[in-house]
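A.B. asks: Please build the complete structure, drawing on both the sequences and the hints.
These protein sequence lines are chains A and B, in that order.
Going by the numbering used here, the residue at position 425 of the first sequence is 425; the numbering climbs one at a time, nothing skipped.
Going by the numbering used here, the residue at position 34 of the second sequence is 34; the numbering climbs one at a time, nothing skipped.
Since the hints were derived computationally from the structure, they do not count as laboratory data.
Some hints could be false.
[Said to hold, decoys possible] Interface residues of chain A toward chain B, partial, derived using beta-carbon atoms under 10 Å:
1) Q266
2) Y334
3) Y335
4) R471
5) F472
What you are looking at is a predicted structure, and each value in this text was computed from that prediction instead of being measured.
Using N, Cα and C, we set each Cβ at its ideal position, and we do this for glycine too.
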Amino acid sequence: MISKFISLEWKSFIRSASFGKSLAIKIVMGFFALYFILAFLALGFGLYPILEKTFPGQDPFVVVNGLIFFWFLGDLLFRFFLQKLPVMSVKPLLTIPIKRSSVVHFVLGKSAVSFFNFLPLFAIIPFSIILLTKDYETTKVITWVVAMILLTLINNFLNFIIESFSAETELSFLPIILFAGALFGLNYFNIVDVSGALSSAMLAITSNPILLLVLVAVLVGMYLFNHKILIKKLYLDHSLKTKIKEVTTSDLGWTKRFGDSAPFMQLDLKLIWRNKRPRSAVFILVIGLLYGLFFYPQPMYRDMPIMYGFIGVFVTGIFLINFGQFIPAWDSGYYKMLMSQNIKYEQYLKSKYTLMVLSVIIMFVLSIPYVYFGWKILVAHFAAAVYNIGVNSYVIMLGGSFNRKKIDLNQRAAFNYQGTGAVQWLIGIPLLLLPLAIFGLLTYFVDFYAGISALILLGITGVIFHQKIMRFITKKYLDSKYEMIKAFNQDN
Amino acid sequence: MITTSNLSKKYSGKEVLNVSALDIPKGQSFGLVGNNGAGKTTYFSLLLDLIKPTTGHIKNNGILVSQSEDWKPFTSAFIDESFLIGYLTPEEYFYFIGDLRGQNKQDVDNLIAQFEDFFHGEILGQKKYLRDLSKGNQKKAGIVAALIGNPEVIILDEPFANLDPTTQIRLKEIIKDLAQQKGVTVLVSSHDLMHVTDVCQRIVVLDKGQVIKDIVTSEATLKELEAHFAGTVNPV
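C.D. replies: Next up, the structure:
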């Protein structure tokens, strides 16, 4: 039975429409994976000497066990947001004479071979090798490795239990925050010394391998509990059905002042607010706004006015980049309908343009407090904002006319590269590097003000020729109409 | 109203549609039937300029659809669920379409009020997004949205599929009323021979992209069609 499941799984991987098609994305994802693997390897090899230095006189092995609690919590949080139990794919299996129980075993077993469970090994194994070279007892080290693997798997299944409870509440991430927060709080305020308890438990296990059975028992318990929860949910009206929330509507009357493009503005605002994927573009605003804090507090960067321009373009343009790169793919689900309606394409694009311009202005206003780090930063941000409005907004819309990738709005947002094609990577060059080059070169060879004036001038030129540029972009979109309809009609 | 000449569509060398001439006069209710792959949806997509013809052209009220967009104000369509915007409520969707077709909220309200019967209390005021409605209810919303803004040409692809019997009967009345009372040209495709013969004044049978029958509906039409489709299994 299991071999049948595995062959199904293999086919779904090999035959998926995106296999081979989006090689670029695969490569990028591969780089991410490689990055994490390398980071963990470095951690594994570097941990021992680092701990030796930071906690002189203490046994690094004991220190590591003291830190396991935080590893455990971090791992759990990380998993909660990124790892999901692959339940949906079993829907067609329900009517086939396979025992529900073995379907559940398969789903749970599959989750055990996830990347998240292998990643820690890249740190655990090098660390244990170093322990061996430092003449720690072999049995002790091996027991420790086994214990860590068991802990990782316990985390794996604990996460699904938490997820299944959070699926029933309105604020889905409340349980995990409460759980992690409570554990952390109890530990931090020394009410219950969780990390100490965990640490002595680990030390006890390593000196007495028979205690590993306790961890195995916990793991089996978690597994069976998951099995119990899942088997009850494996009906179409439970977890397999997506939740329907009651909706509230607002009429967004204020958009009327934007005239012809008002209907599209309303549509775009609803698009952003009611779908997971675009909504995340809004949350990224916060990250974008804080981006400057990585650089400006450091004197090294503060004395480098060249950086101001780049950070300015990024901070004021974060929404423009995140939202704009998927024009018109956001509307791919109903693109056919839009194309058969009596619309002026220019109005449709103008609505997107207006949204992006508004976001740049808002981001600039919000970034004014950076003036604390020097008024030149404010000036640079202003120039960058003008440049974003007058140049980058057009560049990104022009890039959109090459967009041939559909986006399913209901997919979750984090680490979702659906709809990302070569265009999205290439567009970054004119978007970020061009202003950096103009500003950087002028600042370097002439002075700061020459760079600022160049950005502002380019921006103003763009605004002056707004009508002409928009007409050109509209034509580009109309030219690729049939290709877009065809591409958006395909599920990728 | 709609003239088709020398129209053909090829996909990588394979011809999926070839219609040398087809005229649909104003106010006719026109039915398109055929087995899967006969070219019904392809024809509608060409009529809406969603795909490019390989040869020939379609004129809608004298306007070449692949050249000008002036046919859009008086033409509306519901082809499939991809015509709906999933994250809007039905009401919001109707108002949005109304906005695009120059109708204010009141106009739209007046129009959808006439279809309360058709909606059967399952569309309006449900506080649900279109994506969360059942397939049948999505179809109802899509069909009614195609009636917003007094279009002169309405194109409905498989409107009867997924609808419950009561709604099918009501939809037939709506289509008949549009063509006979209001002079609207209605184009309908269907797999259900009974429904098309009930509704359409004229029925065209497509097979592998070719027009093989063009019938003015009469008492005998249903029999004739049934005989034809039964016969295609074992050609005489």
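A.B. asks: All hints, please: hold or fail.
C.D. replies: Here's how the hints hold up against the structure:
1. Q266: This interface hint holds because 7 Å falls under the 10 Å limit.
2. Y334: Because about 5 Å separates Y334 of chain A from the closest Cβ in chain B, which is inside the 10 Å limit, the hint holds.
3. Y335: Since the shortest Cβ distance to chain B is 8 Å, the answer is holds.
4. R471: Hint on R471 of chain A: violated, closest Cβ of chain B at ~15 Å, above 10 Å.
5. F472: Interface hint status for F472 of chain A: violated (18 Å vs cutoff 10 Å).
Consistency with the previously given hints fails for numbers 4 and 5, ordered from lowest to highest.
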